[in-house]
Amino acid sequence: MLSSPFVRQPASVQQVMLTVLLALLPAVALYVWQFGPGIVLNLAIASASAVAAEAAVLRLRKRPVGLYVTDLSAVVTAWLIALTFPPTLAAWVLILAVVLAIVAVKHLYGGLGQNPFNPAMAAYCLMIVAYPSAMSQWPAAGWIDLGTHLQLIGGASLDAITGATPLDALRTGLRGDAPVETILAGKAFGALGGAGWEWIGLGYLAGGAFLLWRRVITWHLPAAFLGGLVVISGVFWLADSARFASPLFHLASGGTLLAAFFIVTDPVSGATTPRGKLIFAAGIALITYMIRNFGAYPDGIAFAVLLMNLCVPLIDMKTQPPVFGHKGR
Amino acid sequence: MIAGLFTFNGGVKPDTHKNESAHAPIRPAPIPPRLFVPLRLSARATTRCIVEAGQQVRKGQPIGVPDDPLSTTVHAPTSGTVLGIELHTMAHPSGLKTRCVIIEPDGEDRWIEHPGFDAEHASREATLAWLRDCGVVGLGGATFPSHIKASAAGRIDTLILNGAECEPWITCDDRLMRERAGNILAGAQRLRRLIGASRILIGVEDNKPEAIAALTEAAAGDTAVRVQAVPALYPAGGEKQLIRVLTGIEIPAGKLGGDYGVQCFNVGTAYAVHRAIEHGEPLLSRVVTVTGNVAQPGNYEVLIGTPVDFLLELAAPKTDTQRVLMGGPMMGFALPALDVPVVKASNCLIACSPTLFPPPPPEMNCIRCGACAQACPADLQPFELYWFSRAKNFGKAQEYHLFDCIECGCCAYVCPSHIPLVDYYRFAKSEIWAREREKSAADAARDRFEFRNERQEREKREKAEKLAAKAAATKAKLAEKAAADGTEKTDAPASDDPKRALIAAALERAKQQKTQVEAKNTDALTPAQKAQIAAAEARRAAADTPPAGPDETENP
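Protein chains in written order, with this note's numbering: chain A, 1 to 329; chain B, 1 to 556.
Simulated from the structure, these hints should not be mistaken for lab results.
Treat the numbers as computed from the prediction; the structure is a model and nothing was measured.
Hints are supplied without guarantee of correctness; some may be wrong.
[Said to hold, decoys possible] Calculated cross-link-like contacts (lysine-lysine; reagent style DSSO-like; alpha-carbon spacing at most 27 Å):
hint: 1; chain 1: B; residue 1: Lys499; chain 2: B; residue 2: Lys477
hint: 2; chain 1: B; residue 1: Lys514; chain 2: B; residue 2: Lys499
hint: 3; chain 1: B; residue 1: Lys396; chain 2: A; residue 2: Lys318
hint: 4; chain 1: B; residue 1: Lys255; chain 2: B; residue 2: Lys439
hint: 5; chain 1: A; residue 1: Lys327; chain 2: B; residue 2: Lys460
hint: 6; chain 1: B; residue 1: Lys392; chain 2: A; residue 2: Lys62
hint: 7; chain 1: A; residue 1: Lys327; chain 2: B; residue 2: Lys396
hint: 8; chain 1: B; residue 1: Lys477; chain 2: B; residue 2: Lys514
hint: 9; chain 1: B; residue 1: Lys477; chain 2: B; residue 2: Lys460
hint: 10; chain 1: B; residue 1: Lys392; chain 2: A; residue 2: Lys318
hint: 11; chain 1: A; residue 1: Lys318; chain 2: B; residue 2: Lys429
hint: 12; chain 1: B; residue 1: Lys477; chain 2: B; residue 2: Lys463
hint: 13; chain 1: B; residue 1: Lys429; chain 2: B; residue 2: Lys97
hint: 14; chain 1: A; residue 1: Lys327; chain 2: B; residue 2: Lys429
hint: 15; chain 1: B; residue 1: Lys475; chain 2: B; residue 2: Lys499
hint: 16; chain 1: B; residue 1: Lys470; chain 2: B; residue 2: Lys514
hint: 17; chain 1: B; residue 1: Lys429; chain 2: B; residue 2: Lys439
hint: 18; chain 1: B; residue 1: Lys481; chain 2: B; residue 2: Lys466
hint: 19; chain 1: B; residue 1: Lys429; chain 2: B; residue 2: Lys392
hint: 20; chain 1: B; residue 1: Lys499; chain 2: B; residue 2: Lys511
hint: 21; chain 1: B; residue 1: Lys530; chain 2: B; residue 2: Lys511
hint: 22; chain 1: B; residue 1: Lys477; chain 2: B; residue 2: Lys511
hint: 23; chain 1: A; residue 1: Lys327; chain 2: B; residue 2: Lys255
hint: 24; chain 1: B; residue 1: Lys463; chain 2: B; residue 2: Lys475
[Claimed, not checked] Sample of chain B residues facing chain A (criterion: CB under 10 Å; computed from the structure):
hint: 25; residue: Gln241
hint: 26; residue: Gly254
hint: 27; residue: Gly258
hint: 28; residue: Gly328
hint: 29; residue: Gly332
hint: 30; residue: Ile350
hint: 31; residue: Ala378
hint: 32; residue: Arg426
[Said to hold, decoys possible] Computed footprint of chain A on chain B; a stretch qualifies when at least three of its residues, placed anywhere within it, have a C-beta under 8 Å from a C-beta of chain A:
hint: 33; stretch: 353-362
hint: 34; stretch: 380-387
hint: 35; stretch: 394-404
hint: 36; stretch: 416-424
All C-beta atoms, glycine included, are put in the ideal place defined by N, C-alpha and C.
Hey, can you work out the whole structure from these sequences and the hints?
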């Protein structure tokens, strides 16, 4: 069937995904600078497992393998998993997470564009529930050479290198009734958030700006997520600054900036209308803050995203923008 | 930013490809060896043929007269012989055939007498009728009769001339505006007076500076006319989009510009109005851009009914031409055959080669990126409509305003998954229409069925009532007879049985009453008539006597 329009913009899913991967590069570079080249190896391992899993499922589903493997969506999922997981995690956990994300979260629901949940975040939740201690061991600031990294991802546990994340340390400290100031003076913390990690956060910020400029994402999601997080953490911080960390700490810690531009902006599992995007992202911010402060897990973004993914059909339905010629009715 | 302009959301900026043909002045296309003039103007607008095979016709001679309020007169585009009235494939994506008058031109192009039209002294109604008789319809593509649009006078203060020509490749309006700006304005003034508007706004996309300059020069000194450059953003030439950009008015769904004080005409239509009123000439030709994969792209003034292949040859199509589009690449359609005639809606022919118009890449899944929603000039959520259409959830699709989609193609143009979105909407719309037709057909059938049942019931009832009445009458007659017999035969016992005597007395009274009533009828009769009746009664009595028997045996 050949019908209008007969012309098309040279755009493709592959191009969109490639833009996202490019936008992640500044953060990856800073990651290497802060923690050594290990992350590049992790990205490669994750990408390879994702592509292999994707190809295998596509073949089983009798879908065009070449067409969908080259769309790079699996690679984006793989990179997001590698970047949100502790870099020193045993490689098999990372591979398991990627394969679950591609096979169970993406393809069991119908593949590209059909998954109701964010694959990377669903994988994160599965792993942190299944392997809570391994998923909570993050390297302290400092260069890790490739040899040590290989040992670590081979399954070795080197307590001298890994430790709790800043968010975890903050929570543990607060449970011991230490004031925020004392805890933040610890070696895990940098000027704003976690030592080393705050630099990588700037990389995500730059990548996010690139995505906005390339019109891959709109301002609504990052603005509502970051704004929501600032507002809620600001309220608690103003109420009791001895027990609650500042909004700036929350912005710079954990996966906040990565999530703002690369996770909550996933179009497939997120809200799509302008108002819906604001509600969706603000909801994630609220739940994230609650889990960070009052929950059992160090960072709540993954759970918050999944919870809000569940609300997307309702949010989209209730926030349909007015149609031309139907305004003011 | 141009002062006083508004915007619509969405829109796309495809490569304009205007340069290929924009430099080529309008040239008259030669008269083809055969003309195929369709008698049907649109799905609803039909005409009645008033010529027959073998007849000589002159240029401008009516050959089809309107038999529908939405149709306009059809004329012979040149002089020649009518070869026949036959079915011929139309310039329509369906490839359906319609009745066409086939004319073999004699090459002399002799006009019928056309003394012109005295517009200054003609009434408004006469002018509108003249436009209909001249076959003037909207040349922007919809071919809506101009006399109907121009009759919507009253509350209209702004006449908008649409010279946006936002589709890629097409330059026919551009050339017309450059070369005949004065005539376009003259026609626009006629239309302005007809609809009683006070001002004329001419919207032209800012990628046509020469056209804007020509119109501005032609309108110099007239404060009621404003030539307005509008940003080149497809589909700025959509009627509701252009009205929105020029006036800020967003015409609500289901309403027309006329309801909001604006009426919109294409520049080519204004030119046709000028020819009809100032020169008395019916609409026999239009400007068509022939471009694309051709050696000499150009703009031609083409007689209606000219076969597309004849016209295409003038521009020398290259050998790798695969197919030909009519209209622009965003909303046009691939011609089902090349012998179809040029009609009043045909603004452009584009020869397509695989290099110019590569086949679409394979369709992938929707990733809900929202690019389509950002591009949609109707502020729809195209991916939601796609989803509902694909799932055949037509109720939901309508709830999400499927019928506000203008099929401009912006969504499919930007889609990174290369989904032919507009096809899904066309599919959903036609399915909904088909279902509605089916439903109304079913409703009609059900109504018919119910009416038939009701009628049968009623007839049955009436028959039963009739029978009952007849039976009662027969019974009474029998009883009467029996009573009469009874009084004669059982005179004695009657006095013994008081019941019997009562009945006998009642019957006697009834009989007397009956004879009295009967007698009344004969009150005013002449003796001759009375004698006649008596004779007839006697005959009837004589005839009645023998068959009285079986009646009695049936009723014991």
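* To do: Sort out which numbered hints this structure fails and list those numbers smallest first.
  => 5, 27
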